[in-house]
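Once you've looked at the hints, dock chain U against the given chain F.
What follows is the residue order along each chain.
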Amino acid sequence: MTTLLDVAGLVKHFTVTKGFPRPVTTTVRAVDGVSFSVRRGEAYGLVGESGCGKSTVARAVLRLIEPDDGTVRFDGADVRAARGETLARLRRRMQIIFQDPYSSLNPRRTIGQALTEPMRVHGLASGRAARDRAAALLDEVGMPPSALDRYPHEFSGGQRQRIGIARALTVEPELLIADEPVSALDVSVQAQVLLLLRDLQKRRNLAFVFVSHDLGVVRWFCDRVAVMYLGRIVEEGSVGEVFAEPLHPYARVLRDASPVPDPSGRGALPRIVGEIPSAANPPAGCHFHPRCPHVRDACRAAYPGWRRRGERGAACVLV
Amino acid sequence: MSTAAVVAVSPVRRAVARFLANPTTGIGIILCILVALSAILAPILSPHDPIEQDVIAQLSPPSATHPLGTDYFGRDVLSRILWGGRISLIVSLTAIAAAIVIGGAIGMVSGYIGGRFDNFVMRVMDVLLSFPSLILGLIVVALLGPDLVNLVVAIGLTAIAPFARIARAPVLALKERAFVEAGRALGYSHARILFVHILPNILSEVLVMGSLWMATAVRTEASLSFIGLGVKPPTPTWGGMMRDGFENILDAPWLPIFPGVAILLLVLALNMVGDGLRDATDPKLRAE
Chain F
66 MTTLLDVAGL VKHFTVTKGF PRPVTTTVRA VDGVSFSVRR GEAYGLVGES
116 GCGKSTVARA VLRLIEPDDG TVRFDGADVR AARGETLARL RRRMQIIFQD
166 PYSSLNPRRT IGQALTEPMR VHGLASGRAA RDRAAALLDE VGMPPSALDR
216 YPHEFSGGQR QRIGIARALT VEPELLIADE PVSALDVSVQ AQVLLLLRDL
266 QKRRNLAFVF VSHDLGVVRW FCDRVAVMYL GRIVEEGSVG EVFAEPLHPY
316 ARVLRDASPV PDPSGRGALP RIVGEIPSAA NPPAGCHFHP RCPHVRDACR
366 AAYPGWRRRG ERGAACVLV
Chain U
12 MSTAAVVAVS PVRRAVARFL ANPTTGIGII LCILVALSAI LAPILSPHDP
62 IEQDVIAQLS PPSATHPLGT DYFGRDVLSR ILWGGRISLI VSLTAIAAAI
112 VIGGAIGMVS GYIGGRFDNF VMRVMDVLLS FPSLILGLIV VALLGPDLVN
162 LVVAIGLTAI APFARIARAP VLALKERAFV EAGRALGYSH ARILFVHILP
212 NILSEVLVMG SLWMATAVRT EASLSFIGLG VKPPTPTWGG MMRDGFENIL
262 DAPWLPIFPG VAILLLVLAL NMVGDGLRDA TDPKLRAE
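Protein chains in written order, with my numbering: chain F, 66 to 384; chain U, 12 to 299.
Warning: the hint list may mix true and false statements.
To be verified - DEER-style ranges, computed between Cβ atoms:
| # | chain 1 | residue 1 | chain 2 | residue 2 | range |
| --- | --- | --- | --- | --- | --- |
| 1 | F | Thr-90 | U | Gly-239 | 49 to 57 Å |
| 2 | F | Gly-192 | U | Leu-48 | 38 to 46 Å |
| 3 | U | Ile-44 | F | Gly-192 | 38 to 46 Å |
| 4 | U | Ile-44 | F | Gly-84 | 53 to 61 Å |
| 5 | F | Ser-248 | U | Ala-47 | 48 to 56 Å |
| 6 | U | His-201 | F | Asp-264 | 34 to 42 Å |
| 7 | U | Ile-238 | F | Gly-188 | 55 to 63 Å |
To be verified - With a cut-off of at most 20 Å between alpha-carbon atoms, the simulated SDA-like pairs for lysine to any residue come out as follows:
| # | chain 1 | residue 1 | chain 2 | residue 2 |
| --- | --- | --- | --- | --- |
| 8 | U | Lys-243 | U | Pro-267 |
| 9 | U | Lys-186 | F | Arg-174 |
| 10 | F | Lys-83 | U | Asn-130 |
Since the hints were made in silico from the structure, they are not lab data. Backbone N, C-alpha and C define an ideal beta-carbon position, used for all residues, glycine too.
Chain F on its own, in the form it takes in the complex:
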């Protein structure tokens, strides 16, 4: 399989200036050197707790947020250097699905307008042909064609999410960035939407960057996964390996903290202690060391380098 998306050293810092009369500038290192690559047709998971920067990575790849540093290559083309027409063409090939299905559709536009507009803008289809394609896309995501003339408020969250997926598909993308696509939905609806995404992935050979904090969902949906902590990837590997035997202590407590469907499996789990530190003021050395049960002196001194073990890797001295 060929590499479709290649992200290297991605950095995004947010600066906040607050205070009077002496303003204090704080820099939040939301994304601090993230590298990964996604192959064609592959589902790549990004997991981590709230505020670890996973959604920022998703947006920075699409340049919905302008990255500060690093490179993003899509099918060999430099996304960060793209301007105007080139950027529009690149964006056509990667699309995004949002977490909140209630704000992702314009309340004043019918579903038909929402689906045909991207086709017209990119000159893919117009008029009758665009409408037919929109109806076909609705059918593909499991919605009736009668939805075309309706407004978003007439649909449930799950239906809106399907419409959002259909809209992303209007421009025939090769990569879908799914930013917590099912977190806002009921559990029963989550399963339907996940099945739909899996189905689309197989049928259209779509690659996915799947951002989620739900390990169960990632385990089921993704092929490979990266665990993020405070703006950096701490472990990466195939879903099976990472979840079976995590290398990084953080990946381990994250896995252990996720619910197990088997009641007999519940037991004395090692609990994670402490709060997630602020990304504005990360601890020196390994960001995880204040909470780590295996902390050593070396962890406090310097951020551990990336260590490979076969197909996987982790940023930890234990590896």
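Only chain U this time, still in chain F's reference frame:
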């Protein structure tokens, strides 16, 4: 209705239905239509020429020939009110329309771009806002001279800053919504996002304020005319008629009262329509 479930109901249509269901709004609309019709049909409805003087019928009280009496020059008050309504409506309508377009565009673009630019533009608007509208209008008319166009410019200028603010606030909220981000990801231009996607979402708020500001514009026009900075005599205006009437208020108290009532009715009607519009488009009342 069994068909209601099948027919797609647009948010606009529901708002219109709610708007018309309110009796106060109904009265406001009817009053506005009556004032507009009387102004448009002034040449037909007026019993007399509004500027023709009749020295013999000077200051005559309401009678069959002069239903609302005559003024110091013997001019028919009813005819003058009908013709004066034209000035009031034309001036306030064009001024507010211009303020909505210019102020609304400034506010939308400023809010959408954000950052330092937004900060700068809004401080300029604050400077404009710091003048009471009558004083600002007074300055402009005093500088440019009193005529119809300058009156429109003066009143329009006083309303630009409020409309910039009204348009900007919802844009700040809307530009963070995911559908705007989706539009960017889909390769839409900023102009398309701003005018096709954001504009329809703020239009109701701007139009509500438009009808309320129409009422203010009518008052400002009357006030400027009252202090002699309106359209030049002998062209009839409501504010001008009140001022002239005050000179003879002891002999002919109806002179300032009738144009005053006309101003009151129009302002009241516009406020009723504005309130109705606001209620009809209030997002809290909007059923999801």
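*Which numbered hints fail*: Result: no hint breaks.
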